[in-house]
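J.: One-letter residues, chain by chain:
Number of protein chains: 2
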Amino acid sequence: MKTIVLGGDGFCGWPTSLHLSKNGHEVIIVDNLSRRNIDNELEAGSLTPIAPMGQRLAAWKEVTGKEIAFRNIDVAQDYAALLELLQTEKPDAVVHFAEQRAAPYSMKSSWHKRYTVDNNVNATNNLLAAIVESGQDIHLVHLGTMGVYGYGTAGMKIPEGYLDVEVTTDEGERVQQKILYPTNPGSIYHMTKTLDQLLFAYYAKNDDMRITDLHQGIVWGTNTPETKLDERLINRFDYDGDYGTVLNRFLMQAAVDHPLTVHGTGGQTRAFIHITDTVKCVELALANPPQRGDKVKILNQMTETHRVRDLAELIARLSGAEVAYVTNPRREDAENDLHVRNDLFLDLGLEPTTLEAGLLSEVTDVARRYRDRADLSKVPARSTWTRAQKPGVPDQVRKAEPV
Amino acid sequence: MKTIVLGGDGFCGWPTSLHLSKNGHEVIIVDNLSRRNIDNELEAGSLTPIAPMGQRLAAWKEVTGKEIAFRNIDVAQDYAALLELLQTEKPDAVVHFAEQRAAPYSMKSSWHKRYTVDNNVNATNNLLAAIVESGQDIHLVHLGTMGVYGYGTAGMKIPEGYLDVEVTTDEGERVQQKILYPTNPGSIYHMTKTLDQLLFAYYAKNDDMRITDLHQGIVWGTNTPETKLDERLINRFDYDGDYGTVLNRFLMQAAVDHPLTVHGTGGQTRAFIHITDTVKCVELALANPPQRGDKVKILNQMTETHRVRDLAELIARLSGAEVAYVTNPRREDAENDLHVRNDLFLDLGLEPTTLEAGLLSEVTDVARRYRDRADLSKVPARSTWTRAQKPGVPDQVRKAEPV
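Quick mapping for you: the protein sequence lines, in order, are chains C and E. The first sequence runs contiguously to residue 626 in the working numbering. The second sequence runs contiguously to residue 626 in the working numbering.
Read the hints as simulated data drawn from the structure, not as lab findings. Remember, predicted model here, so these are calculated numbers, not experimental data. Watch out, some of these pointers could steer you wrong.
Since the list gives no way to pick out one identical chain from another, each pair is judged satisfied if it fits inside one copy or across any two copies.
[Claimed, not checked] The list that follows gives simulated cross-link-like pairs (lysine to aspartate or glutamate, DMTMM-like), each with its CA atoms no further than 20 Å apart:
(1) K601 to E579
(2) K284 to D297
(3) K401 to E389
(4) K613 to D430
(5) K401 to D387
(6) K428 to E558
(7) K289 to E394
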């Protein structure tokens, strides 16, 4: 099976590419290296020393004997190159990770809002238009986000993509309908994934395209069995206030003796998944495509939910770190419950990797090993959702900063 | 009241700008003249001879003594100029017509799909981001489309934007929810207006922006009291297969002895509004803004519904024209019913201009007057929704065409 991975240099795309390659896919990575370039912009790189793509692929070949091809294409901008790639390579599937994926980054300024919308929407629409123009029956697998649903419900478990509702007709008759779950995104980034959903629904309907959308929770962990094979294969680890995800950030903060920065009351409940499960889920999605003419197949790619302050207190207990309850830079509900269905992946055989001390300490070990590479000034979240919010900087850190 | 009209050179934007100017608004038109440039691309211009913007505005001043300013800005591309305009002019409101608005044009090719998505989404998001960055409390009024709803319902009248539904919780409790009406767009163009809706919902929530979205039916008619004041003020009239709207196309076809091209069975039921009501509705929307913190105010801007074949048969009866039932170039249901609420505009005092012979003959008169300007080869709709659809060309026209 030949699979193109758009965004195959990123935090999820890289380990997914290796996992698919190991399990027999012929993999072509497409990436414009935008994530590395954003490191330059933010002056905050991966805590782990990630190798250049050429070294990564050479190491993979050396260690496993398998080849992965690489093409540097900006799929949001260079439609001609993308189309030509589909026409030449005739892939069975395309996995689409090629989007700006950080909520705080998307809220930093007008420029960042506009870049995120322009990049993400055009990347998706270019891919869809190119698949139609190619005339090929290519299965598209896209990384969505749990954040499309929003984090409040009317008291039911969040279903997988589609919600059963009843409407009342003018004659008073009650009619059942299955609708795309009404979205309530919490940032410009999350909103772009709600736009993606409507693009997918349209192309599935008009062009009978086979599309799978994976609504993923917050990813934690760093390495997978494949990225551990050689240090040149190491995955990226983001610890900064824009790209670092909450659980990994707490573990890194514990490792470098920084207070664990909990936004607001920490009452936010979120969905989580370990990076080793991410790569397995994508493989399962590729092996179980929808049929032509089906609506978009939507799966919730998460394995458990946790309240943010519970995670902080757990890690504080394990590590002795201090918890700092800081101003919430986001405009969001202080507290929410979250119950999510994930039966579709469980039915496909996923055995969830859940939160346990062993896996937590693995992340802490990675963080400790590379702690000298960290710039602690990048740890607090400083991107605010509106002018009314304030950066999430602990008092002791604020006092130590130059005015 | 100072009002900026984005897209003020177009079919709806131009008469709206004049109507607002006449009724006391200080109007600034922003347009990149893209519609005139698309005339060049399609080799199909307005049936009516529209004057260049400079002549239009000079005539308006000559006839009424009122000044309308004009700025040539591509709002989808030139964010800096748009922001600077808001900061300098400090408008009370912005009316946003600056989108590619033809469904068939949006389906002509990959390029046209990509242009429509890129242009429409970035125009809207640039405007939203610029209003936030300006820090001003500007009311945004946007021209949406009835097509966001799709043309099938579960048997109830289409509400204005929001649908009441019931969901059942895990405990079996029934809970009422008011949700954005689930969308079902029929073309890439219509889909972009469903993307706009999600952008608006997000900025209304995160930034307390005051936004009104007008879901307009198919516009018919040509001139308004203002555009009739001087021939240099004449409105555009599109008769070609890409930009011509169905009722105006039938009237023009009757005027030039072309068969009335009905797609498929003509069983499609659509919503309609006369151009004089369009401009009144926008004025009413500007005078009745939502409050800060309100969700997006959505109004259905239409006054009646008709089945397409009924319109064709009516015009055939009045004019003696022949009706040609041709292949439908669109992928859509052959037949649909449509019932739509429009109480909000009626409550604001709109007195609908409905279909009547006098108004129909006014359009026919305009078409007859300028019939020598028509290129009849541009009349059939040739843009097909997929490779499976065929152009809507009547047999007698097809036979006369060069192979």
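J.: Of all the hints given earlier, name the ones this structure violates by number, lowest first.
T.: 1, 2, 7
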